[in-house]
Amino acid sequence: MKIKTDKIKKISKSSFTIYGMVIMAYVIMQILVSTGSLSSLMEGLLVPLCIYVILAVSLNLTVGILGELSLGHAGFMCVGAFTGAFFSVATVDLITIPLLRFGIAIILGALAAAVFGIILGIPVLRLRGDYLAIVTLAFGEIIKNFVNVIYIGTDKNGFHFSMKDAVALKLEEGGKVIINGAQGITGTPNDSTFTIGIILIIIILFVILNLVNSRAGRAIMAIRDNRIAAESIGINITKYKLMAFTISASMAGVAGVLYAHNLSTLTALPKNFGYNMSIMILVFVVLGGIGNVGGSIIAAVLLTLLPELLRGLNDYRMLIYAIVLIVMMIFNSSPKAIELREKYSLKRLFTKKTKGEDA
Amino acid sequence: MALLDVKNLGISFGGLRAVDSFHIEVEKGQLYGLIGPNGAGKTTVFNMLTGVYQPGDGKITLDGNDITGKRTIDINRAGIARTFQNIRLFKELTVMDNVKVGLHEHYKYSTIAGILRLPSYYKKEKEMNEKALELLKVFDLDKEKDFLASNLPYGKQRKLEIARALATNPKLLLLDEPAAGMNPNETKELMDTIRFVRDEFDMTILLIEHDMKLVAGICEKLTVLNFGQVLAEGNTAEVLKNPQVITAYLGE
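Those protein sequences? They're chains S and U, same order as listed. Residues 0 to 358 (numbering that gives the first Met the number 0) make up the first sequence, in order. Residues 0 to 251 (numbering that gives the first Met the number 0) make up the second sequence, in order.
So that you can see chain U by itself, here it is in the shape it has in the complex (with noise of 0.2 Å):
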C-alpha cells in the first residue's frame, strides 16, 4: 500500500480542464519529482493535495485514509505539510516564531493559561523552544532566530519554510519549487538538505522542480505533467529519457 495513493484526480475552471485523470503512488520514504512544462498543472495538483482546491473528481488515499476534499487544517492534520512556490512565511514573526507556530498542534495549553501565565504555559513553551531550536539547527538557522523571517536571505526563506512544515510532523512533505530562484550553489546545498531530510526524519517527499539537475540529482520516480495529463512516470533516468518528455520541454 503506498503512503499517497492519488486516483484519478482531475478539476476544472470553467470550461478549462487544468488537470485529468492525474494519478500518482508515491511509497514510504521515496523521493519523488514531479515536472512538466509551465502551466501543466503541477500546482493545481498540490492544490487540490492540500485542500486548497476541491477536486472536481477522483480520490486521495494517505496512509489508507481518504482525504478527498477535506480541509487545509484537516489535511495537515492527516499528515501533509507543503510549501509554496512564492515563499510564504509570517514574515512579521521571527524565525524561532514562524518554527512554533508549526508545532502548534502538538504542544497545547489553554489560551487562558497563555494569559495567565499557568505553570502549563512555561512548561509547554519551554518544550516547544527546545524543540524549535533542535529543527533550527538542522537546517543551520539558529543563529538567526530571534530576526524576523522577512530579513532573512532567500535561501534560507526557503530552508525556513521546510522547517515549519516539518515542525508539523507530516506522513508527507510537498515542496513547490523548492530551488526557484537559487543560484547553483544554494541548489546544490539545498539537494543535500532534502536528502538529509528524508534521512533523518525518514519522510516521504514529493517536490515540483524546474531544475533538472536537481530531478535528476535527488528524485528516484518522476512522474511528468503535461497540459493536465500524466504523460510518463517511471524511474527518474528512464523518465528523463523519454522521447515524449524530451519533446514537451523542448518541443519539436
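So here's chain S without its partners, still in its complex pose (with noise of 0.2 Å):
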C-alpha cells in the first residue's frame, strides 16, 4: 500500500475480510466435497449459491451505493443467461476448449445486460422519483415473455429469426433451432463450476469494492446522499447514476449466463427470471443490509441454504421470507437495536469508527 492514510487501509481490511471470507468459503466446500461429506443435493447447490451472491452483489450496487430501487433484476440475469447459451450453443462445434468458449459467453453476457441497461437508464434515471422501479419491474415481465416467443436457428445459409413458431425458421437440411420459443435453448453444456463460480465473485467483488473506494465511487454515493448538494458541486448526476446502474445490470447478466451454463436446458419462467425472482434478490440485499457488500453475500447463502436444510418447512419459504423481513426491518430501526450495532461496530464489516462522540 502506497497510501500511507488510516481511511484507505482501514477500507482495504475490511474488503480484505470479505475476500477472505469467500476464500474460506470455498476451501471449506472443496474439502467437504474431496471428502464425500457432501450431499449430493448440496453439491448441487454449489453453483446456484454463487449465482445468487453475484446477483445480490451486484443489486447491492444499484439499492445500496446508488440509491435507486430495482425491481428487474432478474430481467437482465434473463438477458445475460439467453445471450451466453446462444452463443455457446452456437459455438459448440467450433470453439472446442470449453473455458474459452465459456469466457467469451460471460463477457457478451455481461455486455448484453449492459446494453439493456444503459436502454433503460438514459431515460428513466434521468428522472427523480421511483420511476426506475416501475420501469424495471416492467421490463423484467417484459423480457421473459420476449424470449418465450423468439425463434432462432441456424442452418449453413446463416441465423434466421422468427417470432411464429420453429418452422416459420424455414431451416435447410442439417440446421439446428438454437432458441426454440417457449422450449428455450437445449444442449447447453454444463460450463459452470463451483470454481469458476467463485472466480466470478471475487471479480465483482474487486470491482465493486475497488468502484466505492474510488473517485467514480465517491460521486456515486454523493448523489445517493444528496443530489442537489451533489450538483451544487459539479458532480454529472446522469452519468455516475448510469454507470452504477449498467455495471450492477451487467453482473445480473453475468450470473445468468453462469445460471445457463449450469443446466442443459433454459427457459424462460416465472420461477426463475419472474418477478418472484427480483424480489427474493433484493430480500438478500434488504437482509444483508442495504450497502453492505458481505452482508448480502452472508444473506445470499443463508437464504438459499435455509429450504434446503428445512426441507420440510419448503412450504412455508415464502412465509418465512416475508417474517424474517418484518423482523430485519424492525430490528434496522428500532432505537435499541442500532445502540446495540453501534457497541459493536468495530466488528461489523464497513462501518466506520463511531465512538467518541454522541451523534
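Treat the hints as calculated values from the structure; they're not laboratory data. Computed from a prediction, not measured in an experiment: that's the story for all the values here. Positions of the beta carbon are idealized from the N, C-alpha and C atoms, including for glycine. Do not take every clue at face value.
Claimed, not checked - One side of the interface only, derived from the structure: several residues of chain S facing chain U at Cβ under 7 Å:
1) 140
2) 214
3) 217
4) 218
5) 220
6) 224
7) 225
8) 231
9) 232
Unchecked claim - Once the Cα atoms are required to be at most 30 Å apart in a straight line, the calculated DSBU-like pairs of lysine-lysine come out as:
10) U/170 - U/144
11) U/69 - U/170
12) U/170 - S/238
13) S/238 - U/220
14) S/335 - U/90
15) U/136 - U/125
16) U/125 - S/238
17) S/238 - U/107
18) U/69 - S/238
19) S/335 - U/155
20) S/238 - U/130
21) U/142 - S/335
22) U/6 - U/27
23) S/238 - U/90
Dock chain one against chain two, each of which comes alone in its own frame, and use the hints as you go.
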C-alpha cells in the first residue's frame, strides 16, 4: 500500500475480510466435496449459491450504493442467460476449449445486459423518484415473455429469426434451432463449476469494492446521499447514475450466464426470471444490510441454504421470508438495536469507527 | 467590472412574482450581505444564481461570462459554489470523503484506473488526501476526518459544508444562512471563519443572513430584499440605518 492514510488502510482491511470470507468458504467446500461429506443435493447447490451471491452483490450496487430501487434484476439475468447460452450452443462445435467458450459467453452476457441497462437507464435515471422501480419491474416481465416467443435457428446460410414458430424459420437440412420459443435453449454445455463461480464472485467483488473506494464511487454515493448538493459541486448526476446501474446490470448478466450453463435446458419461466426472483434478490440485499456487500453475501448464502436445510418447511418459504423481512426491518430501525450495533460496530464489516462522540 | 453582475433578474411561480428586477454587483474580494424579511426571495435569488431555478428574465454575469440559465454543474464549473440553508451534507460519507467529492473535478482519473488500481489512482488519491486534509485543517475538522458527516455536531456540519464548497475552487462563494441555529459563541467563531476564508483564499463571498450582529460585523456591503424587490443597497452601516429597511424588518 503506497498511501499512508488510515482511511484507505481501514477500507482495504474490511475488503480483505470479504475476500477472505469467500476464499475460506471455497476451501471448506472443496474439502467437504473431496472427502465426500457433502450430500449430492448440497453439492448441486454450490453453483446456484454463487449465482445468488453475484446477483445479491450486484443489486446492492444499485440499491445500496446508488440508492435507486430496481425490481427487475432477474430481467438482466435473463438477458445474460439467453445471450450466453445462445453463444455457447451456436459455437459448441466451433470452439472446442470449454473454458475459452465459456469466458467469451460470460463477456457477451455481461455486455448484452449492460446494453439493456443503458437503454433503460438513459431515459429513466434522469427522473427523480421511484421511476426506476416501475420501469425495471415492467422490463423484467416483458423480457421474460419476449424470449418465450422468439425462434432463432442456424444452417449453412446463417442465422434465421422468427417470432411465429420453429417451422417459420425455414431451416435447410442440417440446420438446428437454437432458441425454440417457450421451450428455450436446449443442449447448453454444462460449463459452470463451483470454482468458476467463486472466481467470478471474486472478480465482481474486486470491481465493486474498488469502485466504491474510488473517485467515481464517492460521486455515486454523494448522489445517493444528497442529489442537489452533489449537483451544486459539479457532479454529473446522470453519468454516474448510469455508470452504477449499467455495471450492476452487467453483473446480473454474468450471473445469468452462469445460471444458463448450469442447466442443460434454459427456459424463461416466472419461477427463474420472474418477479419473485427479482424480489428474492432484493430480499438478500435488504436482509444483508443495504449498502453492505459482505452482508448481502451472507444473506444470499443463508437464504439459499435455509429452505434446503429445513426441507419440510419448504412450503412456507415465502412466509418465512416475509416474517424475516419484517423482523429485520424492525431490527434495523429500532433505537435499541441501533445502539447495540454501534456498540459492536468495530466487529461489523464496513461500518466506520463511531466511538467518542454523541450523534 | 464586478465579479458577479446581476441585472434585472426575475422569476414567477404561477401568478406569484417571487423576485422582480433584482440587481446586484459584487466586487472581487468583497464580503457582501443579502438580507431581508422571511419570504423576501433571498434563497430564490441564490437558486437562480446556481441554476436550481431557471430565471424568468434578466442576466447573470460571472467574471465576464454569461451564466444565465445554465445547468447547476456548469455554473459550479464556471466558479460559483454554495452552501444550503438546511445543511445538505453527504451523510453516509466520512468528513474526509465529503471534501474529496468536492475535489472531484480537480483531481481526475478514469473509473477504470480506479477499479484496476492503476498508478494514477494512487497518485491522484494521495494528492486529494493531502489537499482535503489541508482544507479540513483550516476549519479545524482534521481530527474528525474519519467520522461520518451526520455524526458531527451542528456547528461543524456548517463548517464542513463551507469546506466542501471551497474544495471546488470557486471564484464566488454563496452562503445561505450560515449562522442559522447557532448559539452566540458558534456565531462568533463562524464570523472569524468567514473572514479567514475571505483573506486566506482571496475569496468573494455573498451571504444570506438573519443574524444582524453577524451581518453588521463582517459584511462590507448589503442589499436588502423585500417582497422580491431591492429595497435598499449600499454600505452596511448606511443601509442598516435606512428607515425603510427598519420598517421592513420591524413594521410600522
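Practice task
Taking the numbered hints from earlier one at a time, note which ones the structure violates and give those numbers from smallest to largest.
Solution key: 1, 13
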